[in-house]
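Student: Okay, here's what each chain looks like letter by letter:
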Amino acid sequence: MAKTIVPFGPQHPVLPEPIHLDLVVEDEVVVEARPSIGFIHRGLERLVERKDFNEFTYVAERICGICSFIHGQTYCQGVEQLMHLEAPLRAKYLRTIWGEMSRIHSHLLWLGLMADAVGFENLFMHSWRVRERLLNVIEGTTGGRVIFGTCKVGGVRRDIGPEALPGTLKELESIEKDAREITEIFLHDSSIKDRLCGVGVLSREDAYALGCVGPTLRASGVEQDMRALGYAAFDQVPFKVVTRTEGDSYARCAVRCEELLQSFEIIRQAAARMPEGEIAVKVSGNPKGECIVRTEQPRGEVVYWLKANGTKNLERFRVRTPTFANIPALLKLLQGCDLADVPVLVLTIDPCISCTER
Amino acid sequence: MIPHEQTFEAIGSDALLRRVGELKAGGWRLAAISAAKNAAGLELIYTFDREYRLLNLRLQLAGEVVKVPSVSAQFFCAALYENELHDLFGLEVENMALDFKGNLYRTAVKFPFGCTKAPAPALAASSEAAKSPAVAAANKGA
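Those protein sequence lines, which keep their order, are chains A and B.
So the first sequence is numbered by numbering that gives the first Met the number 0: it starts at 0 and just counts up by one.
So the second sequence is numbered by numbering that gives the first Met the number 0: it starts at 0 and just counts up by one.
Derived by calculation from the structure, the hints in this document are not laboratory data.
It is possible that some hints are incorrect.
A few chain B residues that face chain A, going by a derived Cβ cut-off under 10 Å, partial list only [said to hold, decoys possible]:
no. : residue
1   : F7
2   : A9
3   : L15
4   : R18
5   : L22
6   : G26
7   : I44
8   : F74
9   : A78
10  : E93
11  : L97
12  : F99
13  : Y104
14  : T106
15  : F112
If you want the footprint, here are the derived chain A segments under chain B, 3+ residues with CB under 8 Å [to be verified]:
no. : region
16  : 208–221
17  : 333–347
Taking lysine-lysine and the BS3-like style, the derived pairs with C-alpha atoms no more than 30 Å apart in a straight line are [to be verified]:
no. : chain 1 : residue 1 : chain 2 : residue 2
18  : A       : K151      : B       : K36
19  : A       : K151      : A       : K2
20  : A       : K2        : B       : K36
21  : B       : K66       : A       : K331
22  : A       : K311      : B       : K23
23  : A       : K176      : A       : K50
24  : A       : K311      : B       : K36
25  : B       : K36       : A       : K287
26  : B       : K100      : A       : K331
27  : A       : K281      : A       : K50
28  : A       : K331      : B       : K23
29  : A       : K50       : B       : K36
30  : A       : K239      : B       : K23
31  : A       : K50       : A       : K2
32  : A       : K50       : B       : K109
Positions of the beta carbon are idealized from the N, C-alpha and C atoms, including for glycine.
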């Protein structure tokens, strides 16, 4: 049968950001997918040569418009490691809380897009309605809605005081109730199960060999979550790595839904254990040396390579984003799938092209 | 809490494939391939992970050496990193399992990371966008 190339993206209703796939199809079956990215490549990594290491925190945070806070946090952790600094314990707890809010925000955004992709418009609107409430909480505690701007080298810039914490937790509890209701509807809806169960199966061996990260990896049964490294306050706040074994589209969605709800619990635990005290330490001197830092973004492990030579500008700043690591798996998933399943499969890896185009 | 172990191991390009093969057989996962242009040439870091431990192979390519063998036969996912190395740094990677022939990244400036200093804003003058009077004026001001 003759092969046809169907261009998918960079502008497509299911894609929140631009990525292009040339889908080679035989009849309605995809036999190969060839990606191209770089439509919005910004070269942010090289800005490190022009911005000093303190200023660069803001650039790092702008790598992504969804998981911005954890980018800033990862960068700060790296610089602190190079400068042999330790952020105060309260700052670590605050980073944990805001990091998990970032995860909730990201997963709710994804849930809406996923619902939209399978034609469940109502659930899409409800997901984003709930997300809007979370953005209000983020704004109330940080001053920003997407770019938090609270992380800095040596600690954090703002505190969540005792007068604000109870109200914040109460609102989060109410948001959690809504989120739980939405995820239960999503996971138990028969038409959603028909679209997702058994579709795009990624075996445990393939997921590991292809270098997958985050929910894409964990849905195939690999128990790996960088929060287990114990960065920020994760060495003191208990959490369980969420895994599934089916490795299909439904499992990837289920992992994200469970993580979404787990993040509320992590925030509650962190708020209950958060000690009093300073939120930042004084920073003097310049970073020197090199290190690799990893944290768990909503989409999975992010890898930062920082190299400094003792001047105010880092020598090299490199980011390997989770979506970049999941693209090889996406190419594998698309081979042999029905053309109609392409949007769904793309969304099951929750691609974030902004990050990838850093 | 898991100790965040990370080690760096210097390696030559002739020994790269053998060492990567050993790591693959040892159950390591390729976490990233990174590069940095420096005065000596190009520095590559192959980062591997196993049970939260990191092992980094450091490959320093001297001066005019702009070719390395692909490790995508051992780790298929390496092909994406290697295409990135080509498109951003101008590095030639031999025998990639998947070769996009320079079309993975569609950047305005060719090999934007292939020089030791970041491309100056004036370089953008070669792009279509920079032909507008407003951008030209901004570049002049910069």
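Student: Starting from the hint list further up, note which numbers the structure goes against and sort them upward.
Tutor: 2, 3, 4, 5, 10, 17, 19, 20, 22, 23, 31
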